[in-house]
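Line order of the protein sequences matches chains A and B.
Position 424 of the first sequence, counted from 1, bears residue number 424 in full-length UniProt numbering, the numbering being contiguous throughout.
Position 379 of the second sequence, counted from 1, bears residue number 379 in full-length UniProt numbering, the numbering being contiguous throughout.
Everything labelled a hint here was simulated from the structure, so no lab data went into it.
You may find that some hints are simply not true.
Repeated chains share a single entry, so a pair holds when one copy, or any two copies, can fit it.
[Claimed, not checked] Dumping the calculated DSS-like pairs for lysine-lysine here, alpha-carbon to alpha-carbon at most 27 angstroms:
1. Lys-204 - Lys-224
2. Lys-300 - Lys-196
3. Lys-104 - Lys-121
4. Lys-380 - Lys-68
5. Lys-68 - Lys-285
6. Lys-224 - Lys-392
7. Lys-298 - Lys-428
8. Lys-204 - Lys-298
9. Lys-107 - Lys-384
10. Lys-298 - Lys-196
11. Lys-384 - Lys-31
12. Lys-224 - Lys-422
There are 2 protein chains.
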Amino acid sequence: MASLKSWFPVPKSSHFSLANLPFGIISTTSKPTPRPAVAIGDHALDLQEFAASGAFSSLGFDVSVFSKPTLNEFAALGRPVHRSVRKYLQDVFAENTTHADVLKNNKDLQGKILFARDQVKLHLPMHIGDYTDFYAGKNHAFNVGCLFRGPDNALQPNYTHLPVGYHGRASSVVVSGTPITRPNGQILENPAATPKVPTFSACKRLDIELELGAFVCTGNEMGKHIPISEAAEHIFGYVLLNDWSARDIQAWEYVPLGPFLAKNFGSTISPWVVLADALEPFRCKGIPNETQLLPYLKEKEENNVYDIRLQVDITPAGGSTTTILNSNGRNLLFSFPQMLAHHSIGGCPMATGDLLGSGTISGTETGTEGSLLECSKGGKETIKLNGGVERKFLEDGDVVTIYGVCGSEESGLVGFGECSGKILPAPKI
Amino acid sequence: MASLKSWFPVPKSSHFSLANLPFGIISTTSKPTPRPAVAIGDHALDLQEFAASGAFSSLGFDVSVFSKPTLNEFAALGRPVHRSVRKYLQDVFAENTTHADVLKNNKDLQGKILFARDQVKLHLPMHIGDYTDFYAGKNHAFNVGCLFRGPDNALQPNYTHLPVGYHGRASSVVVSGTPITRPNGQILENPAATPKVPTFSACKRLDIELELGAFVCTGNEMGKHIPISEAAEHIFGYVLLNDWSARDIQAWEYVPLGPFLAKNFGSTISPWVVLADALEPFRCKGIPNETQLLPYLKEKEENNVYDIRLQVDITPAGGSTTTILNSNGRNLLFSFPQMLAHHSIGGCPMATGDLLGSGTISGTETGTEGSLLECSKGGKETIKLNGGVERKFLEDGDVVTIYGVCGSEESGLVGFGECSGKILPAPKI
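With the rest of the complex left out, here is chain A (with noise of 0.2 angstroms):
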């Protein structure tokens, strides 16, 4: 694929090549208002005053879905209204644009709507009307379940055939480099006791899932539902998620409904939303599913999933950084129209902003297990990082990175930036 060039600089290196151009709201110390922006290389493009400079008046949007807070707005218009706007802003940045008076040609304009992309703030980028998390990475599933239950029952017999998911809560998820507090709750220090009696405890057992998210830009009617041939057209964009989790207060509290507290204190996307359609050259098939699946999630395209290079980073307090595991996004057994099929399937209302997660993507070798639960086999062994230092899960100080990146440099890079966060000490209570 010949790399889109670009009249303006975009390093190699970047995850927001003319090839990307994913959207985010941004402020500035000079307009603190959070607006929508587009990332371009090291640069972000201020798109409420790239509006107002009278761009995108021949795509027949009303551009005010630029002035405000969130993304939702623009999501709303559909995939057709995205797919041109990208489309334009490719041919504004490009090398022989046909719309140079616009930009290109137009020096005071740069400098008002470009903006270094460390100086700008950046933040969520949809407001989440709910989160659904499902458990498509089966290798996670199976491993996990290994851990629980031992190989024979590791996965439940619904397992295959059905995206298996819970809801999740919609207030604790935040952008990429909020910190995050490590819960206090009731834990089981010693399981195997009778009875049993909890105590009141910051957890111990403090662990990252390494996931994709997806938004929702249309959604459904309530009693109606997504048909699967139609399902990826109502998904805005991806971005990266780390669910982090609290495995000790999820060991005690989660029989029989599910994870709760485990869940809830913190979730972390990435800010920039890559937009369905920057990810299809990259479309790939996922895990094989040998079950014979019920029409409504029976899929005409057989690459439904995403060839996305994932990995995970920690860095200890005072510390050096150590990758310590890569993924692929193709380690699903599920897509995301699938799993949007299956939400909707039962007439449960999805709208525009509903954040899906993809579940913990794990391969199958090691050193590509998306928890570290799965890394330190439910915390028997260590996992090494540099400079000596040693892990199970995390500690307090610890940072924790997900990047996530499809392409090559001569294409140019499609990526996701970074999905960070950093682990403070759990409250005296």
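Use these hints to put chain B onto chain A, whose structure you have.
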């Protein structure tokens, strides 16, 4: 308790006596914009118009909260303001009001702001950010646990130590009167067969769950928590809640992460939010808990739940109404302040408009079970309705109505009105 007498006609049998004054959102044919109102007898008082007339000016809060399409901004002002507004309204309507000029002697204004309740349209009273459903009805948890695991293991070891709960779906919470479409989904026709292969079907075991709901008025910052001693002050008020449940979809999908599509096709609440203060006189003890609770869950107040008489009626299409069960709000092991203290103990940010469900409120006697699953002993026995009609679970066209009321006609009823929904057939897919 002496009745609060009013110059305004309030029928003795009304749930909305002067001792109540619940808040809701109305619209009218003459003014279709949804806005806050208070229910009194057979009428609804338009708070936007009342505030515009100069009422409330002595109370010193920003009355623009009464020009919003939800009660969130009013709720966010906190319980001291709710108290003073309710007290002011009680005085305005009192027989010997000290504010006779405000409304009693102003027939013109009465004509403008008081609407017959059967002439107003009722809307969802709050914008719900997150909805959490607890499981604090111990008798229900025991009954259901017996059906699944037998009486010896009916309750999980954690059950008496913490209010078990899970995240629900906010987008499918609807106001009373909204039809509920029977969900389609995956069900396992023959759970004993091997291998387990689900079929696609309309739900065949459609159920109700009789619950109370509480709305949060003020929340907490992420990473902080709401102490049990302050939790009651974070609760705006209460509604009836029917947590419709698809038992066959639930049985197949719920392992290992809890109920999902079995719940998210619809949850119905009553339209009028009964303020926490209106329920104060009806405090009582809940189900005794012999477990030594951790300090963060220990309440000073022993009378931590409410004596609310609850009733569920079924009206088949074209048939007559049968009361199928009676229960009481006292049938809870944990109080709403305990639920809120638990929910936030790990730092989960609670916000204005969050809805907490109690879990199904069952008594211990026949005829007091809060779900059809319990009434029909897991679908094994029939429930007799009037006119020789029988049910195990709900059929299309059935209307289910929940009622809840405290107090007596002598002292003025404090009730919730009704929480009602009609079952529509599943769409053909």
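Status of the hints after comparison with the structure:
{"no.": "1", "hint": "Lys-204 - Lys-224", "verdict": "between (44 angstroms within a copy, 18 angstroms between copies)"}
{"no.": "2", "hint": "Lys-300 - Lys-196", "verdict": "between (50 angstroms within a copy, 25 angstroms between copies)"}
{"no.": "3", "hint": "Lys-104 - Lys-121", "verdict": "within (25 angstroms within a copy, 55 angstroms between copies)"}
{"no.": "4", "hint": "Lys-380 - Lys-68", "verdict": "neither (49 angstroms within a copy, 55 angstroms between copies)"}
{"no.": "5", "hint": "Lys-68 - Lys-285", "verdict": "neither (37 angstroms within a copy, 49 angstroms between copies)"}
{"no.": "6", "hint": "Lys-224 - Lys-392", "verdict": "between (46 angstroms within a copy, 26 angstroms between copies)"}
{"no.": "7", "hint": "Lys-298 - Lys-428", "verdict": "between (51 angstroms within a copy, 17 angstroms between copies)"}
{"no.": "8", "hint": "Lys-204 - Lys-298", "verdict": "between (42 angstroms within a copy, 24 angstroms between copies)"}
{"no.": "9", "hint": "Lys-107 - Lys-384", "verdict": "neither (50 angstroms within a copy, 80 angstroms between copies)"}
{"no.": "10", "hint": "Lys-298 - Lys-196", "verdict": "between (45 angstroms within a copy, 19 angstroms between copies)"}
{"no.": "11", "hint": "Lys-384 - Lys-31", "verdict": "neither (44 angstroms within a copy, 67 angstroms between copies)"}
{"no.": "12", "hint": "Lys-224 - Lys-422", "verdict": "between (41 angstroms within a copy, 16 angstroms between copies)"}
Checked against the numbered hints listed earlier, the structure breaks hints 4, 5, 9, 11; every other hint is satisfied.
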